[in-house]
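S.K.: Given the coordinates of chain F, assemble chain A with the ligand onto it according to the supplied hints.
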Amino acid sequence: MAVEVKMPNVGESVQEGVIHKWRVKSGDFVNRDDVLVELETDKATVEVVAENSGVITIVKKQGETVAVGDVMASLDTDAKGSTAAKESTPASSKPSEKAEVKLPPPPTSSSTAPAAQSDLSPAARRITEELGVNPSQIVGTGKDGRLTKGDVIAHVESGSSKPQSGSNQANAASQPSPVKASLGSSAILGARSERREPMSMIRKRTAERLVKAQETAAILTTFNEIDMTNVMKLRNDYKDKFKEKYGVGLGFMSFFMKAAIEALKTFPAVNGWIEGNEIVYHDYYDIGVAVSSNRGLVVPVVRNAERLSVAELEMAVGDYGKRAKDGKLTIDEMTGGTFTVSNGGVFGSLMSTPILNPPQSAILGMHKIQERPVVVGGQIVIRPMMYVALSYDHRIIDGRESVGFLVKIKECVEDPSRILVGV
Amino acid sequence: MANFDVVFIGGGPAGYTGAIRAGQLGLNVACIESRGSLGGTCLNVGCIPSKALLQSSENYHQVKHKFSEHGIQIGKLEFDVAQMLKRKDGIVSGLTKGIEGLLKKNKVTYIKGKASFVNPNTVKVALTDGGSEEHTAKNFVISTGSSPIELRSIAPFDGKDIVSSTEALTFDKVPEHLVVVGAGVIGLEMGSVWMRLGAKVTVIEALDRVLPPMDGAVSVEMKKILEKQGMNFLLGCKLLKAEKSGKSLKVTYEQEGKSKDLSCDKVLVAVGRRAYTDGLGLENVGIATRKDGKIDVNHHYQTSVAHIRAVGDVIDGPMLAHKADEEGVAVAELIAGKPGHVNYQAIPNVVYTWPEVASVGSTEEELKAKGVDYKVGKIPFMANGRARCFGETDGFVKIIADAKSDKIIGAHIIGPNASELIAELVIGVEFSASAEDIGRSSHAHPTLAEVMKEAALAVDKRALNF
Ligand SMILES: Cc1cc2nc3c(=O)[nH]c(=O)nc-3n(C[C@H](O)[C@H](O)[C@H](O)COP(=O)(O)OP(=O)(O)OC[C@H]3O[C@@H](n4cnc5c(N)ncnc54)[C@H](O)[C@@H]3O)c2cc1C
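Protein chains in written order, with our numbering: chain F, 1 to 423; chain A, 1 to 466.
Just chain F, same shape as in the assembly (with noise of 0.2 Å):
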């Protein structure tokens, strides 16, 4: 019997992936629960195994999308080991793009034609040939991802993809005559080569993210610095004590946490967003912790983040942080989130105005510590110091509400036993 191995559905908000490895080829023999194919969605990498055991017959290939339901590849439940059914993957899909742009797709069976040339619209199947661009390479923004017109022509203005010389005549006489060879032309640097490579969905959906937030925000940055020589001293005094106790290092994260709770329930806007016309306050404080994984920035929540302990903090960032490395947070761990912390100070960044992760209105910047002089009592000393940046969107927040919660901050990491004792 056969029986179709689909995309599963692996989170509420996730309706397509792409198939980053097949860990089998077609012809296999897999068994049940055999790990089939790793899916990168927009939010995680997620693996799909085998619900029955049969020779597998591969139908979606590496670097395609799929939806939640398509089917990826059949299982022939009957047949035994390795009588390597042929793989199934008609001619025409083979990626050929030198001949695809060129080739006007056949007049009368349009279903030769590769899949991707063929579902064009009339205009944006026009304009790819005529600009010899490979519109697989190009972000739709049509209905359903679709590409139009438009996605085309922003796609050549914005320099992604010039034109291929040659690929019509109009275009070719448009181009440039050679120049002679001068100082800082390519016959002297030698071969100045250019390479492409798809987004990832992971960043694709960032980009797509950070877009929208500026697009639809009010943002503003306001910045503060702190003073860390008492959070440094309480870090060192307990660092040796706290590792042996929990297992995991006493960082700054923890502290900026904790100040960050309290200076979000004294200023709850900042732990709000906007939906239509209402503004939706929240009574929990679920704070993201953008941490870099293997495939760009992901940013875990670490819900209910104020009945946490600081240790309970740290266990909580640490692990997420070791997950996102090896691709394995999943999608729940990543969605919600009512507020973000960022650290830019591990990758040596001294100031930064972080973008907002929407629909949240405020995300708090940390940064590198470094020594500098500063005026204490009237005297110039050197103190360790850092810059924070909270952006925050002003359609909700108050200048004075932003500026309070970074001051709020400040005298919390400044003098932590603020937050002990709840001040």
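Some hints here could point you the wrong way.
Taking lysine to aspartate or glutamate pairs in the DMTMM-like style, the calculated list, with each CA pair at most 25 Å apart, reads [what the hints assert, rightly or not]:
1. A/Lys-338 to F/Asp-70
2. A/Lys-375 to F/Glu-130
3. F/Lys-325 to F/Glu-197
4. F/Lys-6 to F/Glu-51
To be clear, the hints were calculated from the coordinates, so they are not data collected in a lab.
M.R.: Okay, now just chain A with the ligand, sitting in the frame of chain F:
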């Protein structure tokens, strides 16, 4: 009493469509309607009966004024208003009964009566057949629609001579002189019906154009065409008073600062519609209405009480049946935990005069105000072979596209069957089509639709037949 997953209050396009969709999604649904029949304003006293009368009157008008050009002579031409009304009523009752069947088929409980909130989880229904009952539900959807705006102090409705659209659909004889207050969709449609059947029609409009929210070019052309058909317009004029004066009515209005009057036998006040929530008991659940009567909702159609939602004429947006039913479907899907969505940029707007007017997306005026860079392609029906065969050459198709991306951002048609033609461009907008996409799609010849292809080509200044 029964405990429902969702109760729709109001059985108009928003409510009954939403209820059907919710039923399809396996929810336990009820729909409460006080009118005695389903279909709301649209089926009972709106879209459908008005279109029935528009068709009857247009048929008469065609025979009377256009057949001779085709070489068809008819001796004595007569019409019977009673038969026109009977036909209209037959269509209405057929369709409303049909909806009852659809609700049954989708396992929706139809409750006849007027609903009022007792508390956020309970409504009390004053049953049409007497008595009352209470129902509880996990979700409520307010789909109570709208009612005509009355100018109570200067032209109060009397149900007979100074009337709303509802009564203008049931005049038992053709008025001698009908004054229409308001040159909007309903005013021009109802004015057209009675004008075609022989009434003198005068339209008083405070603004300086007809069909105010439509594209400027459409307003100008429509006024010209209707004037040619015999409609009189008093634009930039303000109604001051309409009152009985002996056997007729006296209408006083202000024109360029001077007070003038005229005499007529019927006044149709068609100055708009107001969201309707009378007797709904919103005060018992703490939902406020705005000054204009509408209920504020978020993008999930939730009111300030999250499990009570609202859709259709009672919330923001154009008061259109197909907007209401799209929202009904979306709200049912959202309640069932699915992603429901309405694309407000791709909702067509139609005026069923003859020729018809249809549009989708932005008007040129809106784009100018927003500073958007755009291109326009405009082709008259005069240039179209089929339109000439029909003998219907008034009007044009105007397509507006983004100057850079060529994406269609607005389309405006006046012309024969514009209501049907617009569907192509609605799909275009929905799929982010460029004007070139339409220009490169084959359109059957000869058809009216070819004007749209030509207009699309004209956006790029390369119309072939104009
Ligand atoms: C003359 C005319 C012509 C029109 N022509 C068109 C057209 O051609 N195309 C178009 O798209 N639109 C047209 N419209 C507009 C269209 O009718 C409305 O946009 C549409 O009906 C709105 O649907 P709805 O479901 O929101 O409200 P409605 O259709 O108004 O339905 C609401 C229903 O709720 C019921 N109700 C109210 N309160 C309660 C309560 N407390 N308990 C129980 N029931 C209650 C009412 O009795 C009513 O039946 C026209 C309107 C008029 C008046």
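S.K.: Checking one constraint from the list: CA of A/Lys-375 to CA of F/Glu-130, max 25 Å. Satisfied?
M.R.: Given pair A/Lys-375, F/Glu-130 holds - Cα atoms ~22 Å apart, limit 25 Å.
S.K.: Are F/Lys-6 and F/Glu-51 close enough, with their CA atoms no more than 25 Å apart?
M.R.: 11 Å, holds
S.K.: Are the Cα positions of A/Lys-338 and F/Asp-70 separated by 25 Å at most?
M.R.: Holds: A/Lys-338 and F/Asp-70 sit about 19 Å apart, inside 25 Å.
S.K.: Check the hint pairing F/Lys-325 with F/Glu-197 against an upper bound of 25 Å on the C-alpha distance.
M.R.: Judged against 25 Å, a Cα distance of about 21 Å means the pair holds.
The structure meets every hint from the earlier list without exception.
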